[in-house]
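Engineer: Heads up: the sequence shown runs through residues 1 to 440, numbered per the working numbering.
Since the hints were derived computationally from the structure, they do not count as laboratory data.
No residue lacks a Cβ here, since even glycine has one placed at the ideal position from N, Cα and C.
Mixed in with the good hints there might be a few duds.
[Said to hold, decoys possible] Here are the computed lysine to aspartate or glutamate pairs in the EDC-like style, where the Cα-Cα straight-line distance is at most 20 angstroms: (1) K60 x E49; (2) K164 x E49; (3) K165 x D17; (4) K347 x E360.
[What the hints assert, rightly or not] For each label pair, taking beta carbons as the anchor points, the in silico distance ranges come out as: (5) K21 x F337: 22 to 28 angstroms; (6) P398 x F119: 45 to 51 angstroms; (7) K164 x P334: 22 to 28 angstroms.
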Amino acid sequence: MEVTRSNFQATLPHVADCISKSDFIAIDTEFTGLHAHKDDGPSFFDSMEERYQKLKRFGKAFTICQFGLSAFRKDPKANKYVAHTFNFYLCPRPCGDELTHFTLQASNVAFLCEHKFNFNKMMHQGIGHLNSQQVESVRSAVSESELEEAIGFSKVFQLLVDGKKPLMGHNMLNDLALMYEKFHGPLPEHYDDFKQGIHNLFPVVIDTKNLCFALRKRLYGTKLIEFTSLMDLYEALGSQRGTYYALCSPEIVLAEEAQVYSSTKAPHEAGFDAYCVGYVFLRLTHLAAMKGVESSHAHPVHLRQYFRLVGPFTNKVNLIRGPINCIDLGGPDPAPFRSQCLSITRKDGQPLTVDMLHSELEYGSMDIRFPTDTTAHVILSTQRRADELLLTSEEGGPFHVQVYTQGLVASRNIWKLAMIGVGVVGIVGLSLAKLRTYLN
């Protein structure tokens, strides 16, 4: 159901009822940009505090232009779930002396236009919202009716917080940061405070991207998790092969107000994507629950069993291209996994360039920093690839490659990567298209 400023107040009681009666909530957001600064792309070099500061700049610079909410309710009399799905257009509204502003990133605008996003509807009919700090700053300067309209969608956010229903998203770190900043309050100064703040608001969070990675080995052989973007998963798990491997899977139907999604796929429309998140969760967990069960013993699975199955992966939020695979909102993060940092120079002593390294080093994803024009520090996506590069350089080639750690070049048999402490002269960023692949 599309919700704008013109029908928000009339729709709010229905939204509240759907949230209250739901078994879990799936969400998705579309936003107006990705990087507040040119060097804010995700990097294997980041510490978690550095990554959080990038996330914080993102949350302050950009805004949510569309919020998708899909409230899933189990039918008590059948093996079926009903998804009450809403697609909210959002846009901050003028309110008193509050100087609300946000940034539009041209590449992100182009991406949204490609997927038929209606910017006119956003600007003219977008629902307002304020966080708690903004509410306090304008409360005495505006009428109650003006304040109510400006608060707008923040009421829905508060319903989610009060309801404490399990909250699901796909690669949802950006979604959580924006929700906190726009509807709750300014993002905290430090990373650990952010984790605690999100956990207090939403005690049960499930990231289906992280869940997909966690269950991949268990589901090896089904060929249903070849790719991990939301739409790839939605289509694979809903395919004939997906049905074959998931006997007695629950029926998933859209409620009356969202029937448009029954006949029309709308990728990157927040409401549709939110529905896909819940759909993927149910199909994926059922598939995992039935793995190894003979067809003659297949049976419906209770929702409690799904949540028990994903218990070890609850409150783990996927992190792309960083020192850890996921953020643990409920406790200490896992130990850093990233590969050793390699120090690379040319054997002829000539300067290095990004293009040169990419053309010569065919080892997949990498991040590069240049402490000098003749030396590059490189982190590859896996230790296996780093070992391959070290071995290749020993056998020949144009580069000297050694392990770099905390200012020392060392034997790869002695040193392990800890924290990288080098000045940044240059860094390889991701194209918007490639980053969108990670984000999905």
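Engineer: Run every hint past the structure and note whether it holds.
Structural biologist: Comparing the hints with the structure gives:
| no. | hint | in the structure |
| --- | --- | --- |
| 1 | K60 x E49 | holds (17 angstroms) |
| 2 | K164 x E49 | violated (28 angstroms) |
| 3 | K165 x D17 | holds (13 angstroms) |
| 4 | K347 x E360 | holds (13 angstroms) |
| 5 | K21 x F337: 22 to 28 angstroms | violated (41 angstroms) |
| 6 | P398 x F119: 45 to 51 angstroms | holds (49 angstroms) |
| 7 | K164 x P334: 22 to 28 angstroms | holds (26 angstroms) |
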